[in-house]
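Asks: Sequence:
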Amino acid sequence: MNLHTQAPFIKDIFSWKPILFRKQKLGDHKMAVRRIICIALAMIVLFKFYSILRHSEMNTTAKKAKIFKKAEKDGRKGDIHIVQLVFGVAQCRAAVLALKSIMSKWKSKRKIVEVQKLHLHILCDAKSHIIMNTVLQTWQLKNVDYSFYLISDYKKKTAWMKSSHYATSVSTLRLYIPEILGKNITKVISLDTDVIFLDDISELWDFTDEANEKQSISMAKDESYRYTIRFHAERKIVLKGGCNVGVVLLHLDRLRQLGWTDLWQNALDALQRISLTLGVAEQVRNIIAKAVSFRNEQLCD
338 MNLHTQAPFI KDIFSWKPIL FRKQKLGDHK MAVRRIICIA LAMIVLFKFY SILRHSEMNT
398 TAKKAKIFKK AEKDGRKGDI HIVQLVFGVA QCRAAVLALK SIMSKWKSKR KIVEVQKLHL
458 HILCDAKSHI IMNTVLQTWQ LKNVDYSFYL ISDYKKKTAW MKSSHYATSV STLRLYIPEI
518 LGKNITKVIS LDTDVIFLDD ISELWDFTDE ANEKQSISMA KDESYRYTIR FHAERKIVLK
578 GGCNVGVVLL HLDRLRQLGW TDLWQNALDA LQRISLTLGV AEQVRNIIAK AVSFRNEQLC
638 D
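The numbering used here numbers the first residue of the sequence shown as 338 and each following residue consecutively.
These are calculated hints, taken from the structure and not from any lab test.
In this text the structure is predicted, and so the values were computed from the model without any measurement.
In this text, a Cβ means the ideal position worked out from N, Cα and C, and glycines have one as well.
Treat the hints loosely; a few may be bogus.
Unchecked claim - Using 20 Å as the maximum straight-line C-alpha spacing, the simulated SDA-like pairs for lysine to any residue come out as follows:
hint : residue 1 : residue 2
1    : Lys442    : Gly519
2    : Lys524    : Leu541
3    : Lys444    : Asn480
4    : Lys385    : Ile374
5    : Lys493    : Asp599
6    : Lys444    : Leu434
7    : Lys464    : Ser484
8    : Lys524    : Phe544
9    : Lys454    : Leu478
10   : Lys442    : Asp537
11   : Lys437    : Asp482
12   : Lys479    : Ile419
13   : Lys442    : Asp416
14   : Lys437    : Thr471
15   : Lys492    : Leu605
16   : Lys524    : Gln453
17   : Lys385    : Met395
18   : Lys437    : Tyr483
19   : Lys454    : Thr475
Stated by the list, open to error - The calculated label-pair distances, taken between Cβ atoms and stated as ranges, are:
hint : residue 1 : residue 2 : range
20   : Asn396    : Asp606    : 55 to 63 Å
21   : Val426    : Asn396    : 32 to 40 Å
22   : Met395    : Asn470    : 15 to 23 Å
23   : Gly425    : Ile533    : 14 to 22 Å
24   : Lys479    : Val382    : 32 to 40 Å
25   : Val584    : Val382    : 46 to 54 Å
26   : Ser441    : Ser393    : 25 to 33 Å
27   : Ala369    : Glu540    : 54 to 62 Å
Using the sequences and the accompanying hints, generate a full structural model.
Replies: Here you go:
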């Protein structure tokens with residue numbers, strides 16, 4: 338075979354692989370460029386996403402700082418204040434259960450984390466003070482403060498109370514809450530020790546902001562339609578209906594401005610002229626609530 342006739346064929350054979358190789362290199366180059374573009378776009382998207390998150394975090398931090406400064410400026414009015422009367426070991430157990438239920442639901446419905454604290458004001462005897470203080474110290478709760486007020490320091494205030502119920506003289510201390518608690522505390526929730534919370538207490542606290550300037554006390558009507566108050570007097574006197582004082586919202590600053598102590602003492606003097614023996618403390622407060630002129634915001638509505 339003539340080599341001249343074979344040369345083009347041999348040339349094509351020898352030139353085929355380099356051409357294929359060059360095509361492969363060109364394809365790899367395009368793929369590499371595409372990968373670089375994809376990586377660059379991904380980095381831009383990630384950077385944009387990070388910027389949005391960072392901006393949102395900075396806004397949240399700024400809001401927290403603003404809320405904190407406002408709370409500090411206003412004397413931490415956003416904090417929840419709870420007052421309880423704890424008398425005896427049995428009530429200590431009940432108070433512990435109540436506090437557990439409060440802590441388990443607190444802030445559970447808040448979309449934005451607020452700089453909010455819970456402050457417990459506990460009116461108690463010496464034994465209850467030891468028990469409750471030990472429990473609270475053991476728990477080491479965050480954003481929870483507590484103060485104790487010994488009943489023995491206020492015995493003179495309730496010495497006048499003559500009642501057929503053994504615990505009335507102690508429970509009467511609730512009438513002195515605006516006086517016992519500091520003037521820097523403007524609002525408080527008064528709770529019985531046997532109250533169990535099934536929802537966020539912050540929602541109950543928000544009701545205090547819905548009261549107008551003339552509303553100082555918020556209670557719920559007693560669920561029992563047979564609820565009556567009877568006086569041991571010459572003529573039977575029955576007051577139908579009443580309010581349950583297991584949960585009471587108090588605007589202490591408004592009560593102080595109204596002269597709360599004088600109001601309820603005048604009402605009590607009128608009551609004692611009718612009956613020498615008073616019933617349980619809940620009845621006393623219900624009678625005073627009827628006698629003293631104030632607007633009652635019903636929690637059950």
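Asks: Each of the hints needs a verdict: does it hold here or not?
Replies: A quick look at each hint next to the structure:
| no. | hint | in the structure |
| --- | --- | --- |
| 1 | Lys442 x Gly519 | violated, 27 Å |
| 2 | Lys524 x Leu541 | holds, 12 Å |
| 3 | Lys444 x Asn480 | holds, 12 Å |
| 4 | Lys385 x Ile374 | holds, 16 Å |
| 5 | Lys493 x Asp599 | holds, 17 Å |
| 6 | Lys444 x Leu434 | holds, 18 Å |
| 7 | Lys464 x Ser484 | holds, 15 Å |
| 8 | Lys524 x Phe544 | holds, 11 Å |
| 9 | Lys454 x Leu478 | holds, 11 Å |
| 10 | Lys442 x Asp537 | holds, 5 Å |
| 11 | Lys437 x Asp482 | holds, 15 Å |
| 12 | Lys479 x Ile419 | holds, 16 Å |
| 13 | Lys442 x Asp416 | holds, 16 Å |
| 14 | Lys437 x Thr471 | holds, 15 Å |
| 15 | Lys492 x Leu605 | holds, 18 Å |
| 16 | Lys524 x Gln453 | holds, 14 Å |
| 17 | Lys385 x Met395 | holds, 15 Å |
| 18 | Lys437 x Tyr483 | holds, 15 Å |
| 19 | Lys454 x Thr475 | holds, 18 Å |
| 20 | Asn396 x Asp606: 55 to 63 Å | holds, 58 Å |
| 21 | Val426 x Asn396: 32 to 40 Å | violated, 50 Å |
| 22 | Met395 x Asn470: 15 to 23 Å | violated, 41 Å |
| 23 | Gly425 x Ile533: 14 to 22 Å | holds, 19 Å |
| 24 | Lys479 x Val382: 32 to 40 Å | holds, 38 Å |
| 25 | Val584 x Val382: 46 to 54 Å | holds, 52 Å |
| 26 | Ser441 x Ser393: 25 to 33 Å | holds, 29 Å |
| 27 | Ala369 x Glu540: 54 to 62 Å | holds, 59 Å |
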